[in-house]
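**Q** Line order of the protein sequences matches chains A and B. Per the numbering used here, the first sequence starts with residue 1, numbered consecutively. Per the numbering used here, the second sequence starts with residue 1, numbered consecutively.
Among the hints, erroneous ones may be present.
Unchecked claim - Over the 10 Å line for every Cβ pair with chain B, so calculated as not near, a few chain A residues:
{"id": "1", "residue": "Leu6"}
{"id": "2", "residue": "Gly22"}
{"id": "3", "residue": "Ala30"}
{"id": "4", "residue": "Gly40"}
{"id": "5", "residue": "Asp87"}
{"id": "6", "residue": "Arg187"}
{"id": "7", "residue": "Gln190"}
{"id": "8", "residue": "Lys192"}
{"id": "9", "residue": "Glu228"}
{"id": "10", "residue": "Pro232"}
{"id": "11", "residue": "Lys237"}
{"id": "12", "residue": "Pro259"}
{"id": "13", "residue": "Leu264"}
{"id": "14", "residue": "Tyr284"}
{"id": "15", "residue": "Pro285"}
{"id": "16", "residue": "Asp298"}
Said to hold, decoys possible - Which stretches of chain B does chain A cover? Using the computed rule of at least three CB atoms under 8 Å from a CB of chain A, they are:
{"id": "17", "segment": "282 to 289"}
{"id": "18", "segment": "306 to 315"}
{"id": "19", "segment": "326 to 340"}
{"id": "20", "segment": "388 to 399"}
Said to hold, decoys possible - The calculated lysine-lysine pairs, modelled on BS3-like cross-linking and capped at a C-alpha distance of 27 Å, are:
{"id": "21", "chain 1": "A", "residue 1": "Lys325", "chain 2": "B", "residue 2": "Lys260"}
{"id": "22", "chain 1": "B", "residue 1": "Lys198", "chain 2": "A", "residue 2": "Lys325"}
{"id": "23", "chain 1": "B", "residue 1": "Lys282", "chain 2": "B", "residue 2": "Lys261"}
Note that these hints are calculated values from the structure, not bench results. Predicted model, so just to flag it, every value in this text is computed and none were measured. Positions of the beta carbon are idealized from the N, C-alpha and C atoms, including for glycine.
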Amino acid sequence: MSLPVLKAADFASDQDVRWCPGCGDYSILAQMKKVLPELGVPREKIVFISGIGCSSRFPYYMNTYGMHSIHGRAPTFATGLKSTRPDLMVWVITGDGDALSIGGNHFIHVLRRNLDINIVLFNNRIYGLTKGQYSPTSTEGQVTKSTPMGSIDHPLSPLSVALAAEATFVARSLDAHVKHLGEVLKRASQHKGTSLVEVYQNCNVFNDGAMAYAQEKKQRADNVVELEHGKPLVFGKDNEKAIRLVGTHLEIVNRNDVPDDDLLIHDEKDPNPSIQMMLARMRYPEMPEPIGILRDVDNVSTYDEQINAQVDLAKKTRGEGELEKLFHAGDTWVVG
Amino acid sequence: MQFMTTTKHVKSVSGITVRLAGDSGDGMQLLGTQLTNTSALAGNDVATFPDFPAEIRAPRGTRAGVSGFQVQFAKEEIFTPGDTLDALVVMNPAALVTNIQDLRKGGILIANEDGFTDKDFKLAKVDANPLEATVINDSYRLIKVPMTQLTRTAVSEHGLSPKIADRCKNFFAMGLVYWLFGRSLDPTLRFIENKFGKKPDVASANIAALRAGWAFGETTEAFGESYQVEAAELSPGTYRNIMGNQALAWGLVAASKLSKKDLFYGTYPITPASDILHELTKHKNFGVRTFQAEDEISAMCATIGAAFGGTMAVTASSGPGIALKAEAMGLGMMLELPMVVVNVQRGGPSTGLPTKTEQSDLLQAMFGRNGESPIPVIAPRSPADCFDMAIEAWRIATECMVPVMLLSDGYIANGSEPWKIPTLDSLPQIEIQHPVDSNDGEPFLPYLRDENMGRPWAIPGTEGLMHRVGGLEKEHQTGNVSYDPANHQLMTETRAAKVAKIAERIPEQEVYGESSGDLLVVSWGGTYGACLTAVRRCQEAGHRVSHAHLRYLNPMPRNLGDLLKSFDRVLVPELNMGQLRMLLRSAYLVDCIGYNKVQGKPFAVSELIEQIEALVPAAVAV
Chain A
1 MSLPVLKAAD FASDQDVRWC PGCGDYSILA QMKKVLPELG VPREKIVFIS
51 GIGCSSRFPY YMNTYGMHSI HGRAPTFATG LKSTRPDLMV WVITGDGDAL
101 SIGGNHFIHV LRRNLDINIV LFNNRIYGLT KGQYSPTSTE GQVTKSTPMG
151 SIDHPLSPLS VALAAEATFV ARSLDAHVKH LGEVLKRASQ HKGTSLVEVY
201 QNCNVFNDGA MAYAQEKKQR ADNVVELEHG KPLVFGKDNE KAIRLVGTHL
251 EIVNRNDVPD DDLLIHDEKD PNPSIQMMLA RMRYPEMPEP IGILRDVDNV
301 STYDEQINAQ VDLAKKTRGE GELEKLFHAG DTWVVG
Chain B
1 MQFMTTTKHV KSVSGITVRL AGDSGDGMQL LGTQLTNTSA LAGNDVATFP
51 DFPAEIRAPR GTRAGVSGFQ VQFAKEEIFT PGDTLDALVV MNPAALVTNI
101 QDLRKGGILI ANEDGFTDKD FKLAKVDANP LEATVINDSY RLIKVPMTQL
151 TRTAVSEHGL SPKIADRCKN FFAMGLVYWL FGRSLDPTLR FIENKFGKKP
201 DVASANIAAL RAGWAFGETT EAFGESYQVE AAELSPGTYR NIMGNQALAW
251 GLVAASKLSK KDLFYGTYPI TPASDILHEL TKHKNFGVRT FQAEDEISAM
301 CATIGAAFGG TMAVTASSGP GIALKAEAMG LGMMLELPMV VVNVQRGGPS
351 TGLPTKTEQS DLLQAMFGRN GESPIPVIAP RSPADCFDMA IEAWRIATEC
401 MVPVMLLSDG YIANGSEPWK IPTLDSLPQI EIQHPVDSND GEPFLPYLRD
451 ENMGRPWAIP GTEGLMHRVG GLEKEHQTGN VSYDPANHQL MTETRAAKVA
501 KIAERIPEQE VYGESSGDLL VVSWGGTYGA CLTAVRRCQE AGHRVSHAHL
551 RYLNPMPRNL GDLLKSFDRV LVPELNMGQL RMLLRSAYLV DCIGYNKVQG
601 KPFAVSELIE QIEALVPAAV AV
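Start from the sequences and build out the full structure, keeping to the hints where you can.
**A** Set out below in structure tokens:
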């Protein structure tokens with residue numbers, strides 16, 4: 001029996017999409033609908049869980065199972081679900097405020113537990129649904145409704161946090177770079193363990209162009225480096241620039257000046273996240289920002305696998321639990 | 001096993017209340033648990049009250065560090081661990097000064113003489129040796145025992161360090177107490193062998209200390225006689241001693257088996273609920289998955305996630321943790337998924353009194369969520385009742401697709417009593433059905449209602465039933481997001497009516513005593529035993545007083561209003577400032593009288609009798 005072949009349209013729910021016209025979320029939704037049919041997973045086996053925020057309306061638009069939960073907690077609902085239903089493919093949809101501010105704790109813990117789910121973090125560096133306050137990823141000095149004199153917070157990088165939690169799959173993509181986004185989502189879905197995909201997403205109402213340096217095709221070549229496993233980090237219009245590791249830091253070099261053997265070769269499989277962390281810390285405008293897969297480490301046990309393995313082992317070694325036996329174990333006495 | 005019998009005179013008594021008090025490192029809880037088990041195995045009815053500080057090792061020898069364990073064992077059915085003590089064992093001066101007020105005049109006071117040195121007096125902040133005080137010697141039968149010295153002598157041949165040897169002195173005390181109350185050493189000998197089997201020198205030293213304590217009682221001239229409590233006349237069956245949290249955990253395991261569902265338990269450690277986690281995690285072979293979350297919110301949300309997936313999902317905490325779970329609980333109610341939320345209440349507010357009991361989270365359980373968010377609330381009345389009410393919580397949750405709050409408290413969670421082990425066929429069956437695609441071309445309606453107003457529990461993985469749930473208001477039947485004013489009114493009323501309708505399917509309120517009279521005492525939760533005992537005594541004294549104990553708090557039993565109105569007065573004793581009283585007044589317009597205590601301690605029967613007698617006409621001779 002072969003599975004029915006699904007198309008992107010089969011994954012659209014009957015609900016009207018209500019994001020602002022021009023929002024980057026549309027692109028991510030379109031790529032998700034395009035990628036899912038390629039995975040061969042039946043729709044009823046897929047669950048989207050979100051928190052609160054613009055991005056978190058996502059599950060309503062997918063013809064799968066879904067839960068629009070509460071602010072910041074999506075990873076925890078996913079933990080309960082995936083631990084008890086490892087047969088399901090679970091996606092968490094979240095934003096920079098949802099995952100990194102109110103939900104920061106859960107974000108760290110789901111990653112370190114390595115639950116086998118996929119997290120897509122829509123990063124627009126602003127609170128959109130509450131109409132324009134600064135977020136934990138807003139830049140220092142950014143003027144918003146709640147920071148008229150400029151933000152005094154140092155921004156948080158989701159990739160750095162994820163690597164510090166020793167997440168097993170860490171990636172970044174752009175809503176405007178649809179082909180790249182589709183490929184990264186697909187890779188995330190294939191990874192065993194928690195996959196984190198940060199997507200630079202433009203909020204054209206409250207933070208328009210905040211990441212134009214990466215999003216706009218003309219600027220992208222100089223400001224973004226596309227990571228490829230086993231290959232040097234090259235960028236620039238003519239791939240004329242590259243990255244070299246010097247001591248404990250990275251620097252930009254001109255390829256004409258440096259032999260290829262001296263360039264940093266990207267290793268997404270390195271279990272030691274130190275160099276991957278250096279990549280995550282490359283920030284515009286000093287450095288080009290990496291997109292693609294920073295880290296994809298296999299052979300790390302997943303939480304859902306382990307919690308179920310313990311149950312199986314207990315049943316195997318002690319036999320299926322029987323209430324009679326439980327109640328009568330230990331000291332009892334009989335009243336005639 | 002060596003069977004030891006006393007050659008001294010044995011006096012038969014109907015019941016004994018004894019408290020063991022010492023430093024929190026002295027092993028008093030162990031001593032108490034052993035005495036309880038041994039008494040239960042002897043066929044007595046037992047009730048216990050462990051009382052310990054929140055600190056694991058409070059400064060040694062200080063009053064703050066005193067740990068106590070009270071047990072009543074009797075040949076008649078009892079419902080409380082007793083008000084006043086017949087005997088008190090104290091290991092140091094701090095234990096003496098903090099507990100002596102509960103010992104009845106003429107009661108037995110056994111003191112570890114070696115724990116009463118100048119250093120100990122200083123730590124306990126007493127000026128002089130209380131064992132030499134006239135008031136102590138005149139009021140009680142003081143028996144001074146050099147327990148530390150005698151224990152050292154008894155275990156000397158086992159080659160333990162003095163520090164380890166001194167740790168055996170609680171077993172010496174145990175041996176002496178066992179002699180005094182005619183208890184068999186056998187269950188404790190078995191316990192020692194199981195517990196210390198891997199350390200044979202420690203095991204044999206503890207056994208030596210236990211026997212030495214027994215022998216001391218038998219030979220010392222300080223005790224002329226020992227006491228015997230005959231077996232109680234409990235209804236026929238097989239019994240075991242059980243603690244409240246253990247019974248609650250077993251009830252959850254039983255409910256999972258009865259409903260053919262695996263159990264997911266998401267929780268965060270908190271006193272006094274953590275023992276439920278410790279117990280459940282032992283039973284993975286029943287399909288139990290325990291998740292120790294990063295915080296209370298995560299524990300609640302993971303529980304909802306598991307419920308969405310079709311698993312029996314449970315979380316537990318105490319007041320502060322329940323406060324953190326409130327928002328997610330509201331989502332659980334909105335999603336209309338079945339789950340159980342356990343609150344083992346402790347003294348509040350804020351961090352409050354973590355190891356002490358209170359009933360002050362009733363209104364939190366009722367109303368502690370934003371918006372109109374009613375959920376069913378039920379409460380066990382005793383340690384063994386935790387088993388039945390855990391099953392009942394899951395039954396109600398699945399019957400009408402709603403989170404159910406199970407309100408236990410520290411007193412019944414840590415207390416223990418004999419539990420008549422149920423036969424499997426006496427337990428309720430819990431039928432659960434998940435819908436499948438009808439293939440009739442009609443769209444699936446996730447918020448269509450059944451006769452109990454519950455909605456279908458359609459779980460991911462089911463073909464054709466894909467749907468989305470969430471915290472935004474749902475459209476009637478379709479479950480789609482809806483901002484329609486009339487729909488919000490309808491859904492709000494529907495969720496409330498669904499919970500109210502449960503009253504049709506729970507038992508009517510039972511009354512102990514006449515169904516009308518001068519006074520009705522209404523109680524809930526862990527105060528059951530004290531209230532029942534007080535009412536019984538007053539009835540025996542000829543008062544027209546009855547007792548109604550509520551196990552269902554939301555909704556309340558359908559006959560409760562009429563019942564309240566059948567009495568001249570209603571007294572509501574609670575370990576809070578009048579929370580049930582507020583609910584009863586608002587629901588039934590009955591002017592209830594409160595008796596409220598928040599001292600971290602359970603009610604004494606005597607204080608309740610005093611309250612009752614102040615409210616009823618003088619007793620009619622019967």
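**Q** Confirm or reject each hint.
**A** Status of the hints after comparison with the structure:
With a cut of 10 Å on Cβ distances, Leu6(A) stays outside the contact zone with chain B, its closest approach being about 12 Å. Distance check on Gly22(A): its Cβ is at least 22 Å (rounded) from any Cβ of chain B, clearing the 10 Å threshold; non-interface status holds. Distance to chain B confirms Ala30(A) as a non-interface residue, since its nearest Cβ pair spans about 19 Å, more than 10 Å. For Gly40(A), the shortest C-beta to C-beta distance to chain B comes to about 15 Å, beyond the 10 Å cut-off, and the non-interface label holds.
Annotated as non-interface, Asp87(A) brings its C-beta within 10 Å of a C-beta of chain B; the closest such distance is 6 Å. No beta-carbon of chain B comes within 10 Å of the beta-carbon of Arg187(A); the shortest separation is about 24 Å. No beta-carbon of chain B is positioned within 10 Å of the beta-carbon of Gln190(A); the least distance is around 20 Å. Separation of Lys192(A) from chain B is adequate, the least Cβ-Cβ distance of about 19 Å exceeding the 10 Å criterion.
At roughly 35 Å from the closest C-beta of chain B, the C-beta of Glu228(A) stays outside 10 Å, upholding its exclusion from the interface. Separation of Pro232(A) from chain B is adequate, the least Cβ-Cβ distance of about 39 Å exceeding the 10 Å criterion. Remark: the non-interface label on Lys237(A) is consistent with the geometry, its nearest Cβ contact in chain B lying 44 Å away (cut-off 10 Å). Interface exclusion of Pro259(A) from chain B stands, the closest Cβ pair being 48 Å apart, more than 10 Å.
With a closest Cβ-Cβ approach of about 35 Å to chain B, Leu264(A) is found to remain outside the 10 Å limit, as its non-interface label requires. Distance to chain B confirms Tyr284(A) as a non-interface residue, since its nearest Cβ pair spans about 33 Å, more than 10 Å. No Cβ of chain B approaches the Cβ of Pro285(A) within 10 Å, the least distance being about 36 Å, so the stated non-interface status holds. Non-interface status of Asp298(A) relative to chain B is upheld: no Cβ of that chain comes within 10 Å, the nearest being about 25 Å off.
Residue count for the segment 282 to 289 of chain B with a Cβ under 8 Å from a Cβ of chain A: 7. That meets the three needed, and the coverage hint holds. Coverage of the segment 306 to 315 of chain B by chain A holds. Counting CB-CB distances below 8 Å, 7 residues qualify, and the rule asks for three or more. Only residues whose C-beta sits within less than 8 Å of a C-beta in chain A count toward coverage, and the segment 326 to 340 of chain B has 4 of them, enough to reach three; the restraint holds. Counting residues of the segment 388 to 399 of chain B whose CB lies closer than 8 Å to any CB of chain A gives 0, so the stated coverage by that chain is violated, three being the minimum.
Under the criterion of a C-alpha separation no larger than 27 Å, the hint pairing Lys325(A) with Lys260(B) is consistent with the structure, at around 18 Å. Distance restraint check for Lys198(B) and Lys325(A): the Cα-Cα separation of roughly 25 Å lies within the 27 Å cut-off, and the hinted pair is therefore satisfied. Between Lys282(B) and Lys261(B) the CA atoms are separated by roughly 18 Å; this keeps the pair inside 27 Å, and the hint holds.
Checked against the numbered hints above, the structure breaks hints 5, 20 and satisfies the rest.
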